[in-house]
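Undergrad: Each chain, written out:
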Amino acid sequence: MSNTVLAIYLGETYVEIEAREVSPNETPNKKQSTLFHKSFFLPQSSFKNSLNQFVKSLAHTEVVIDQVFVVTRYLDRLKPFRLGGSVVQVTEKLQENNYTFESSKNLSLAAASLIVTINESTTAEDLNTELLKIKKINPDANKVVFNVGAHLKNQLESTRHFFKENGFTEFVNESVDSMKNLRKTLINAGTEGTKEEIIKDLVDGLALQKLQRDQIYFWVGQQFTTNYENVDLFFSADDFLTNIRQKNKKKTLIHTDIERLVLFNEETSSVWKSPWGSVDHSQSINHSIGIQPCSEIVIDQCGLLQFSQQNMATEPSPMIAGRSVKSLVIDVFAKNLAEHSLMTEMFQNLTSPQLIQKIDSQFKALEKGQNQNYETFSLEKIKSFIIQQIFIDLDSYDIREANCIWTGHLNTLFNTQHKKFSWTSEIFEKTGSKS
Amino acid sequence: MKKETVKNYSHLDYYYFESLLKNYDNASILNAQGELLYSKDKELETTLTSRLVVFQNVKKYLKLTTEDVFMTNDPENGGYTFQKIFFIGCLRPNLFIVWVQAADMIQFKIPLSPLLDQGHKNTMVWDSLVEKNPLKDKLSDFFNKQITRFKTNMSSTKVLTTLSDSSFQSQWLNLCKKQFEKAFEVKALGQHQVITTYHEKIIKMSIAIEEKQHLKTISFDFSQTQLADKISAASHILESAIIYEVMHFYGLSKYLAQPVLNQVRLSLPPKSVISKASPTGDYNFSLQALIRQQTQFILQFLNAHKKNDVSKMQIKPEVYIQIEKNDEFHSICLHQLGVDFKDLNTGFKVVEMHQKDHIYQAKIQNIHSEAVIIHFKSLDEVTNNSQHWIKMNNHLLGHGQYKLRPKDHLHIYWKV
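Residue numbers (my numbering), protein chains in the order written: chain Y, 1 to 435; chain H, 1 to 416.
It is worth saying that the hints were derived from the structure and are not from the lab. Remember, predicted model here, so these are calculated numbers, not experimental data.
Once the Cα atoms are required to be at most 25 Å apart in a straight line, the calculated DSS-like pairs of lysine-lysine come out as:
| # | chain 1 | residue 1 | chain 2 | residue 2 |
| --- | --- | --- | --- | --- |
| 1 | Y | K420 | Y | K335 |
| 2 | H | K138 | Y | K273 |
| 3 | Y | K195 | Y | K135 |
| 4 | Y | K105 | H | K356 |
| 5 | Y | K135 | H | K356 |
| 6 | H | K158 | Y | K251 |
Over the 12 Å line for every Cβ pair with chain H, so calculated as not near, a few chain Y residues:
| # | residue |
| --- | --- |
| 7 | T34 |
| 8 | P43 |
| 9 | D204 |
| 10 | H281 |
| 11 | P353 |
| 12 | Q362 |
Backbone N, C-alpha and C define an ideal beta-carbon position, used for all residues, glycine too.
Working from the sequences, and respecting the hints, build out all of it.
TA: Structure representation (structure tokens):
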């Protein structure tokens, strides 16, 4: 029987999984044999199905999963949405939704109908009535956030006890005066379901391999850990890339991947300007560069070619995934990606002449659809514009080659000298840093 | 590292400007002739044409060389209020940047002064403006950030070379003109006028959108607007609001350059409510809000299929509050489409703070031993209604400055 360590990059749109066989009391390294290494495009294959494919590959072998190391951006999927649909908020009267007192542009973090106010005279009967109301509105409500001052200590204790008895997972805002902290607590509660979904997929999917919950480590800050807040998972990939930059003693890290094009330098921020409002959280700042790979290429009302601001990765997803007839920036690089084994595994039609022809035809149609009184853009011209735009943005960061590291699956598109990037190889390099 | 040479990509060339201005919210790029090449405005209080006025002032009196940066905040010479600092930098002999950054702690006038001389801090100005000021650390941080921004731009050499090239500029300006003509064609022609009263002064805005002998123009005429006495704003303040709204309405924000600006004709009678500059710009916020709303209304009216739907203009409430406490400043902006409190609770006792059905209600108490100064700017005529009001100790606030004494309450009720 051998032990196996699993490295997973669970991105916003794709997952990369690699399993390596490890002898007991040994940390994984490059010399050890890779049992499985594959990427899956999430809109086509869910995380659960991706894990199933890994499990199938283990058929007739007795593999025990020793540890799972995860770097993630999966929670970024939640960024366009309101949170807190199944979160009850216990607060004081006249303090309801006080976290919204920053900007009305921020997305909501709590359902107004799931607010319970308490005061000195709140009784168990009152709480029972509130719970009945809540269950009527949302029978699935199973998380509760407490935002109550110290002067209501006794009521807070009895209310916490009440919700605990009724099966709720609790999140307590310890510093009631800080809206940034309250938002953090609400985000922790609002993302609990998604985090639990990831863990459940792993534990259920790898049950035969005897995986336990406490063997799942997420990268947070400078290490893999089992001790984290959900809000930390928004920064898992950024923290991981920052660690790569620091360990390599470089000032700049350029990350060009199929999900995003970003640059990290030594700039940090202590506040996260989240879509739901400001939250106290130290982080490395990521600077967006060029035009993002999942922007849609569109023709505007004047017949001019433009790039949309929205991320269209999941819906409709790029043409290279074989689902869509809408072209995204990443589709421009279809022929280049076809030379990358991990990409052809993920986008299985990428090597098919039919798909390449379909993409070519789509871009020809886009070219014909442009206003002929202006300069029109062919696929090749769009590609050279996109590449130039990346270098223009990089130009402003005063980057010296010797002080720069380039990561991401698209890195070889910009310079063939770069080492082919793999999230999981990088993860295996760092499995020694864990708590 | 491999670098592509910067090529022309027709209408997509606006990406070069966006790349250059990615660290700015409010900025313009101009050439040596003072022609506007590109403009970016993200704030409600726009300084679009004010930046052009400030640039002309610099050009008139001073000679800028590469890596020079000047600054000012004088509301009587192109500025907005003392808190909005204008920076004018020379990127290349034929390329200039003018940007505006708010600094709430600056409560004094900065006449046109050099910040950088050919890339080096002007020590005389730095000493008197920063080093000798009790807010030295904050000011130093603020001005150093502006210098870093400018120096970041200076390192974008390939883009700067392209953008300063006169043949690139002329091609870009022609493209912007073409874009204007295209956008003009899809909107309605016609004339209309709106009359509003502000502090008992009549403001009459007439619009004429017409095409005569292939010349397409959008004209705003404020003849018959009353002369100013105590309350007024400089013409460039209101022109900024008009141009911003027109560009937004015509979908031309990316192509706002000199040829587009030339097609918008503005006639504001001198010494009137909407043209006379005031020393501190006290009414700039509210008059700009009023003119912005008038412009939005008049453009919508002309383009509406059913005129009855938009036949009467209703002024919407807008408020700007600045809370000043021991050299700490906190700004709040409230309008009908949204609120921006920036964490109102900081430094106060919160008696109540709640929001339901988009009604924001807050009551905060001054728990400090000293008074807090409230600078209140608003369209008074509409901010004292049942859905939008601000009270201090149960007394409604109107445009002005107030002292929130220890234990006093500030009460906000605002429906979005």
